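Asker: Single-letter residue listing:
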Amino acid sequence: MAKYVVKRIAMAIVTIWAVATLTFFLMNMVPGGPFLSEKAVSPQAMAALEAKYGLDKPLSEQYVTYMTDALHGDFGDSLKQRGRTVMSIIQTKFPVSAKVGGMSILVAFCVGVPLGCVAALNRGKFLDNLISVIATCGIAVPSFVVCTVLMYFLGVNLKLLPTFGLTSWKHYVMPVMALSFYPMAYIMRLMRSSMLDVLGQDYMRTARAKGLGQFKILFKHALRNAILPVITYLGPLTAYTLVGSFIVEKIFTIPGLGGEFVGSITSRDYTVIMGTTIFLAALMVVMNVIVDILYKIVDPRIKLN
Amino acid sequence: MKENPISFQSKLKPEDFLPATNEEKESLVVMRESVSFWKDGMRRLVKNKVAMVSLAVIILVMIFSFIVPMFYPYSYETQIKGANNLRPMQYSEQELQAIASGEKVFPHILGTDKMGRDYAIRVMMGSRISLLVGLIATAIILVIGSIYGSIAAFFGGWVDIIMMRIVDIIYTIPDVLLIVLLSFALNAPLEKLVNVPGFGWIKTVGTNLISIFVVFALLYWVGMARMVRSQILTLKESEYVTAAKALGAGNARIIKKHLLTNCIGTLIVTTTLQIPSSIFTESYLSFLGLGVAKPLPSLGSLASEAINGLNTYPYLLFIPALLISLIILSFNLFGDGLRDAFDPKLKH
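Chains Y and B are the protein sequences, given in the same order.
Be aware that the first sequence starts at 1, since it is given in my numbering, and climbs by one per residue.
Be aware that the second sequence starts at 1, since it is given in my numbering, and climbs by one per residue.
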């Protein structure tokens, strides 16, 4: 177990390092340098600026400086938002995204798991077919379609919910719905197939044979085993919600990290793009590692390799 | 002769002992034509109604996006004067005058956008781009993934370990972030390349689209590689591989002729299921403004452009949105059908 954990963590570190390195060199491939877009800068001022940010040094030295700074949580200054460091932007914007994302993961989990179970228990009946149709459609519809359709009907046509901003609970309803739609459908499918698998196991027959009540069989024996694949999905799910939030935050103008990321793309704010990329990538990788390790702890049957 | 009622004696007549006629002989032949892998799979596929309906939808969309535009009187980039923001089937004033003077004007079936471009042809071109991206990206993935996976599995040992570690690392790199980064970094070198003779086409396609393909080539093949590897690990123990080796076949030949051809079912299924996810990614990126270059439309960018006018022209958004969902859904369902037909083992 310890060996597995160490190996997994080592690989996560390698991945984060690879992303950071790739990011650094891609950033330097972008021609022109960060100050070219400024109003005519005299050569002296340019040199001074470059010296200030250490851009006159050789690339290898810059790389070492960037990596050390990044390790200390310093991703440099924003090029377009004067006087703000990338880290301070992340610190103010990330909690907003985390709140919306966390809520949608919760919704996806709380709706997807029961519906998947219901479908499995009613296998082949009307309810199962209905849930399967919803799940299939949910996987095929891109998040921007869900967002815009929700916005048109609930926001513009019926005027039930506000279409932008994030000030009251009402503002959360549509973004969370849009963001949780795909994972919910996915969890439903996953839960249905793993529940069907568990229901056919020998220990289910044993439990029934020794006279356990339906409730106990379902919750203590079936659900606890069937939910394991869903737990492994939580890692990729975090990644999905983080990336999915790009679109959702753009459409609903939520002041979160995803919106900031898209904004920095359009305004060509390179340091912000790089900083947020490394931050988000590290977050996703760490979440994946945590989920993988948890999975092995929860399910002792899994062989450690 | 009186017969015993419970006798087991068979009542045979002399003519029962005559040699059999040719007709009788034929009726006793039980051998049927042998069913090949393809025929067997196709038979199962044709029986699957959902898969056949999805296939019909896919073919319809293909006709709609590849053949219909050839005969369509409008082009996706011409801006028709005075025909901005027309509703479906509406004519502009100039066109009404033309009709009044006896000319024939083809109606704008889906109206026009705010630049006065016929929307129906833009949607057709958009789905053409989306389909092309899905197919090309998937082809790249198929080639890289199957070669990589089969080499790793065939040679095994430390080659396999190193190659699969690389796959593991690539698997955890968040893809969309890298696409964004790459589209930045590749923008300038590609723009320089546009001026080199023979590379002018890059400009029409857009540098972003090229970087999407590069990212697909760099990142997305890992799933395919894993799938192929696991198949070949079991296949390479088969007797026919030993036989081929004994006959002196080289490694490349064994991989190409024996191993890859034998996991063709898995390859087809994985490829078909990869197409919708490529289309999905492209529409997502186009929606964020990282996809094809203007004025070339893609379903994602059409939807993205339509958002601002959502209050007044909701159909401009719903048509591409509906179409992209329909394309992804039918490819998914068709892929599921193919999997059930050709690769029943993969079902769970």
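Keep in mind that the hints are not guaranteed to be accurate.
[Claimed, not checked] Capping the alpha-carbon separation at 20 Å, the derived lysine to aspartate or glutamate pairs in EDC-like fashion look like this: (1) B:K47 with B:D336; (2) B:K47 with B:D340; (3) B:K25 with B:E15; (4) Y:K216 with Y:D202; (5) Y:K3 with Y:D299; (6) Y:K3 with Y:D292; (7) Y:K220 with Y:D197; (8) Y:K125 with Y:D197; (9) Y:K296 with B:D168; (10) Y:K7 with Y:D202; (11) Y:K7 with B:D168; (12) Y:K57 with Y:D74; (13) Y:K7 with B:D160; (14) Y:K3 with B:E77; (15) B:K49 with Y:D128.
[Claimed, not checked] Partner residues are not named here, just some residues of chain B that face chain Y (Cβ under 7 Å, in silico): (16) P19; (17) V176; (18) F280; (19) S283; (20) L310; (21) I328; (22) L329; (23) N332.
In short, the hints are calculated from the structure, not lab data.
Predicted model, so just to flag it, every value in this text is computed and none were measured.
Each residue gets a CB set at the ideal place from its N, CA and C atoms; glycine is no exception.
Asker: None of the hints should be skipped; say for each whether it holds.
Answerer: Quick rundown of the hints versus the structure:
1. B:K47 with B:D336: Holds, at about 13 Å.
2. B:K47 with B:D340: Distance of about 11 Å is within 20 Å: holds.
3. B:K25 with B:E15: Cα-Cα ~16 Å, so holds.
4. Y:K216 with Y:D202: The given pair, whose Cα atoms are some 16 Å apart, holds under the 20 Å limit.
5. Y:K3 with Y:D299: With Cα atoms ~17 Å apart, K3 of chain Y and D299 of chain Y stay inside 20 Å; holds.
6. Y:K3 with Y:D292: holds (14 Å)
7. Y:K220 with Y:D197: This hinted pair holds, its Cα atoms lying about 16 Å apart.
8. Y:K125 with Y:D197: holds (17 Å)
9. Y:K296 with B:D168: Since the Cα atoms of K296 of chain Y and D168 of chain B sit roughly 18 Å apart, the hinted pair holds (cutoff 20 Å).
10. Y:K7 with Y:D202: Violated - the C-alpha atoms of D202 of chain Y and K7 of chain Y are around 34 Å apart, more than 20 Å.
11. Y:K7 with B:D168: holds (12 Å)
12. Y:K57 with Y:D74: Within the cut-off at roughly 19 Å; holds.
13. Y:K7 with B:D160: holds (17 Å)
14. Y:K3 with B:E77: violated (60 Å)
15. B:K49 with Y:D128: Between K49 of chain B and D128 of chain Y the Cα gap is close to 18 Å, so the pair holds against 20 Å.
16. P19: Violated - the Cβ of P19 of chain B stays beyond 7 Å from chain Y, reaching only about 55 Å at its closest.
17. V176: holds (5 Å)
18. F280: holds (6 Å)
19. S283: holds (6 Å)
20. L310: Holds. Min distance 6 Å.
21. I328: Where the cut-off is 7 Å and the nearest Cβ of chain Y is about 4 Å from I328 of chain B, the hint holds.
22. L329: holds (4 Å)
23. N332: holds (6 Å)
Checked against the numbered hints above, the structure breaks hints 10, 14 and 16 and satisfies the rest.
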